[in-house]
Amino acid sequence: MTIIRPYGDTTGDGMVQTSFTLPIPHSKQAEGAALQLANKMGMDPALVVHAKPMGPDFTFFVVYGRVNHLVDTDQVVVVERDYPLLTPKEVNASVKRSLRRRLVVVGACIGTDAHTVGIDAILNIKGFAGEKGLEYYRELKVVNLGAQVSVPQLVARATEEKADAVLVSQVVTQRDAHLLNTREMSAAFREAYPPARRPLLIVGGPRFDETMSGELGVDRVFSRGTTPGEVASFLVHRLVDRKAS
Amino acid sequence: MSRSRSQLGLDPAEVRRARALARKAGKPIVRLAQQHTTVSVERATLRLAGLAGADAEGTPWVNRLADVVRADLEADGGLAHGVALPVWDALLRGEAEDLETLAQKASAGSVRFRLPEGRDSQRARAAAKRQVAGGLRTIDRNRKERDRLIKRHGDAPRQPWIYLIVATGDIHEDIPQAQQAAREGADVIAVIRSTGQSLLDFVPEGATREGFAGTYATQENFRLMRAALDESSKELGRYVRLTNYASGLCMPEIATLAGLQRLDMMLNDSMYGILFRDINPIRTFVDQRFSRQVHARAGIIINTGEDNYLTTADAVEAAHTVTTSQLLNEYFAKEAGLEDWQLGLGHAFEIDPDVPESFRLELAHAMLARELFPDAPLKWMPPTRHMTGDVFRGYLLDGFFNLVGALTGQGILLVGMMTEAVVTPWLSDRDLALQNVRYVMNAAGNLREDFHPAPDGFIATRAREVLGESIHLLEQILDHPNGLLDAIADGTFGLMKRPADAGRGLDGVARKSSVYYNPATELLEADQ
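Chains as they are written, first to last, in our numbering: chain Z, 650 to 894; chain V, 6 to 533.
Incorrect hints may appear among the rest.
SDA-like cross-link-like pairs, simulated, lysine to any residue; straight-line CA separation at most 20 Å [stated by the list, open to error]:
hint : chain 1 : residue 1 : chain 2 : residue 2
1    : Z       : K738      : V       : R390
2    : V       : K502      : Z       : V792
3    : Z       : K701      : V       : L439
4    : Z       : K738      : V       : L432
5    : Z       : K701      : V       : L432
6    : V       : K502      : Z       : K701
Here chain Z is said to cover these stretches of chain V; the calculated rule only asks that three of the stretch's residues, wherever they fall, bring their Cβ under 8 Å from a Cβ of chain Z [stated by the list, open to error]:
hint : segment
7    : 137–147
8    : 240–253
Worth flagging that the hints you see were computed from the coordinates, not collected in a lab. The model shown is predicted, which means the values in this text are computed figures rather than measured ones. Quick reminder that beta carbons are idealized off the backbone N, C-alpha and C, glycines included.
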């Protein structure tokens with residue numbers, strides 16, 4: 650068992666620093682309020698070292714203080730992603746080494762859904778959340794079919810491109826359209842391909858539940874906030890690492 | 006800046022050569038743009054003529070009308086003649102009393118459009134021109150109104166103008182945030198668009214409350230935000246400018262709406278949509294030229310997107326692609342009638358801070374832009390790529406970014422946030438970021454009076470090197486049989502290969518027929 654506490658300048662001093670804004674004008678009372686918050690956060694003694702009015706209605710504080718909490722490192726529980734997060738460079742290197750060709754990704758919004766936001770955030774070079782999209786990856790060949798692609802069109806194009814993975818985005822959820830469309834899509838791929846040859850099926854959208862992949866017949870469901878890097882890393886995990894092992 | 010002698014020792018002949026090469030690369034593109042029209046150019050023309058609103062499904066009437074005209078004339082060339090002649094011919098034939106009714110009847114299938122000939126064509130031409138001129142008069146009035154308000158309230162107190170972003174997705178949330186940002190010191194408010202709007206082939210209608218990481222650009226949202234900032238301008242005693250994005254598939258229409266609602270600056274890059282959004286190159290160049298003609302007329306300052314090159318490629322290796330793109334953007338902008346004061350040419354502070362001499366390199370690149378474009382209000386973009394979540398280091402980096410801004414006389418400074426890549430800016434992030442800008446401007450705002458880089462020093466040498474590489478790149482572009490179009494197709498710019506016969510929006514492009522008529526283009530070009 651290892652017990653630790655924060656370190657300021659002496660072992661065991663428990664010192665931390667924090668900053669926050671309170672929605673009240675700057676005054677002595679405001680500083681007192683900041684101190685109260687710090688105490689309630691477990692900082693005792695706490696010292697408001699800086700208070701600055703931001704406009705008539707807000708005050709910004711910097712607070713230093715000692716916390717009495719102990720951390721037991723043996724009790725730390727971490728939920729690991731079930732695949733490692735790779736940089737674009739690592740993804741490229743891994744694909745190049747194992748497949749010796751570019752990995753083909755076909756993406757689309759299916760059904761009547763015209764919202765390409767999701768698929769473009771993942772595929773377009775512009776990317777999302779500061780990460781470049783899959784087009785940026787040299788070893789990935791990205792075919793973005795855009796919006797309102799029918800399931801038969803998607804299957805045909807995936808076959809033609811010899812897709813390793815098919816990415817489908819669904820934003821519209823009216824009358825559970827996203828679930829119905831996804832089931833239709835996965836069934837069509839099952840029908841068109843023998844199990845061993847079927848491309849990896851990935852579906853994503855803000856309203857999906859990530860635990861539903863089995864029910865929907867896909868290999869992975871990605872929900873709100875997924876970044877291109879996560880998708881690329883998953884592709885490598887399932888398509889490249891599996892082949893290599 | 007000293008106009009007569011270069012601080013960087015740039016050879017005036019080299020600078021002239023760089024511009025001549027950009028002109029040579031750009032000219033065939035302009036010719037291509039003159040020879041084609043697009044669905045969005047045609048719809049923008051209908052918008053100038055006063056057609057607004059949408060049907061019950063939210064499809065704008067301009068889309069409905071343009072689509073039916075195109076379909077009716079399909080055997081006869083479709084879009085090739087433009088929509089003006091068939092539309093005003095139908096109005097003159099008494100098919101409907103106004104454009105909106107005509108659009109409604111057209112989508113109900115109760116009007117047939119034809120290409121008028123002879124006298125009918127002449128009459129349709131005159132009627133179209135009269136009505137479109139009305140829209141341009143509104144744009145002209147708005148430009149005068151902006152000048153009047155700047156005179157009455159006063160302009161931004163200093164340069165660079167401080168540019169802050171709001172992006173909640175809900176216009177009614179954006180408004181109080183924008184007003185607060187103005188109170189905190191913003192001279193320019195930019196409302197970021199919803200992700201994916203650039204790929205919509207229509208402009209959404211009305212006030213919108215649901216966007217993805219941004220708010221839809223619509224005419225009503227433009228109107229609401231401009232009215233709110235007019236209030237702020239009055240309250241603060243300085244005119245607060247409003248910015249949006251004229252980019253993507255509806256670039257000409259959004260430029261038109263910006264002119265109609267008195268927006269002040271628009272993001273508008275010549276190649277961004279092609280490279281980063283995979284929009285067809287011809288579509289982009291045609292739309293680009295029209296949108297810039299509208300911006301020129303409306304007195305709108307454009308902001309170009311060179312910062313994007315540095316977020317995808319290494320900022321040292323790709324420095325010359327920024328210069329090359331700036332030269333091309335300048336050529337296309339001036340050809341479309343924009344003046345120097347309207348060219349917010351972009352560049353960014355994106356060099357890896359772990360690279361030795363990174364600050365001197367940044368300074369060299371920024372000074373090069375300043376010297377090449379002495380009369381343009383350059384748009385200086387903060388670090389994003391190397392903001393790691395270490396907010397303390399990020400704050401220091403933003404300070405150095407601001408210092409380069411001060412030393413190089415930037416016109417527009419997008420305020421860097423230490424929480425870039427962590428959260429959307431908090432109230433306190435914005436406040437700290439503005440303190441950073443103010444400190445640097447107060448402490449070193451006039452440092453450039455004393456700062457003269459050694460003629461053979463690191464900075465001047467690097468600047469000359471980048472200009473040389475940029476000239477070399479322009480020569481490489483011109484070595485292609487089809488110049489710039491081929492260079493874009495084979496991936497000369499970054500990693501993106503964008504052939505002229507692929508990409509989004511290609512089916513919305515048509516080569517003009519010999520009887521093509523567009524009153525908007527005619528009036529905008531007469532103005533130049």
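Any hints from earlier that this structure breaks? Give me their numbers in increasing order, please.
-> Result: hints 4, 6, 7, 8 break, sorted rising.
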